[in-house]
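Asks: Spelled out, the chains give:
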Amino acid sequence: DTGVSQNPRHKITKRGQNVTFRCDPISEHNRLYWYRQTLGQGPEFLTYFQNEAQLEKSRLLSDRFSAERPKGSFSTLEIQRTEQGDSAMYLCASSLTSLNEQFFGPGTRLTVL
Amino acid sequence: GESVGLHLPTLSVQEGDNSIINCAYSNSASDYFIWYKQESGKGPQFIIDIRSNMDKRQGQRVTVLLNKTVKHLSLQIAATQPGDSAVYFCAENYSGTYKYIFGTGTRLKVLA
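If you're matching them up, the sequences are chains V and B in order. Using our numbering, the letters of the first sequence map in sequence onto residues 1 to 113. Using our numbering, the letters of the second sequence map in sequence onto residues 1 to 112.
You may find that some hints are simply not true.
To be verified - Straight-line distance between alpha carbons at most 27 Å, and here's what the computed BS3-like set of lysine-lysine pairs gives:
(1) Lys-57/V <-> Lys-109/B
(2) Lys-56/B <-> Lys-57/V
(3) Lys-14/V <-> Lys-42/B
As the list claims (entries may be wrong) - Output of the computed footprint for chain B on chain V, the stretches with three or more beta carbons under 8 Å from beta carbons of chain B:
(4) 12-19
(5) 41-55
No lab work stands behind these hints: they were computed from the structure. Predicted model only: the values in this text are computed from it and were never measured. No residue lacks a Cβ here, since even glycine has one placed at the ideal position from N, Cα and C.
If we strip away everything but chain V, and leave its shape as in the complex, we get:
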């Protein structure tokens, strides 16, 4: 499978715990996006990387959230001290600089108890 992959697909955690999600973009895609999606809503932009540089962050990304893309390939999204309001689907997408089409992964569904 050469598409965008995300791990884990599902994560259940207790409030206050830290969680980390991983996204592996399509090979050679230098653009990478993280989104959050709640039931019945469209994806909400969280952050954007071009190669290893984090070029844009949403106000939604509080100081409990941090994203990295250390080598310009895979990316991680960490949420510290999770809250019930963090329960959502976290989507990753990648694209080439020369094209705007974003390819989305299947998402990681987070449930905070």
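With chain V held as given, fit chain B onto it using these hints.
Replies: Coordinates of chain B only, in the frame set by chain V:
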């Protein structure tokens, strides 16, 4: 504020009929728009895009229309098939940012 909205939350059409899904956007600075299809349990899938210097773009069985005067976007699906059943989102991007703003979605139900 910035927002992308949809007129109809659910649209039911007969198989074989044409579907029209509408979207209103509020940011006149937006210059790029995308329609996505999302099936249950999957990430959004790119359908078609259009830039603000165009008012119409056609793909395979799909057409996107852009009316900048009233800030309206529509997706037309010809000869709707059961496999078209999904939630459809429009998204906008404005020049100078990497941020895409998605609407809340329209559920398309295709009736046999």
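Asks: None of the hints should be skipped; say for each whether it holds.
Replies: Do the hints match the structure? See the list:
1. Lys-57/V <-> Lys-109/B: Violated - the C-alpha atoms of Lys-109/B and Lys-57/V are around 35 Å apart, more than 27 Å.
2. Lys-56/B <-> Lys-57/V: violated, 32 Å
3. Lys-14/V <-> Lys-42/B: holds, 25 Å
4. 12-19: violated (count 0)
5. 41-55: Coverage by chain B holds for the region 41-55 of chain V (8 residues, Cβ < 8 Å).
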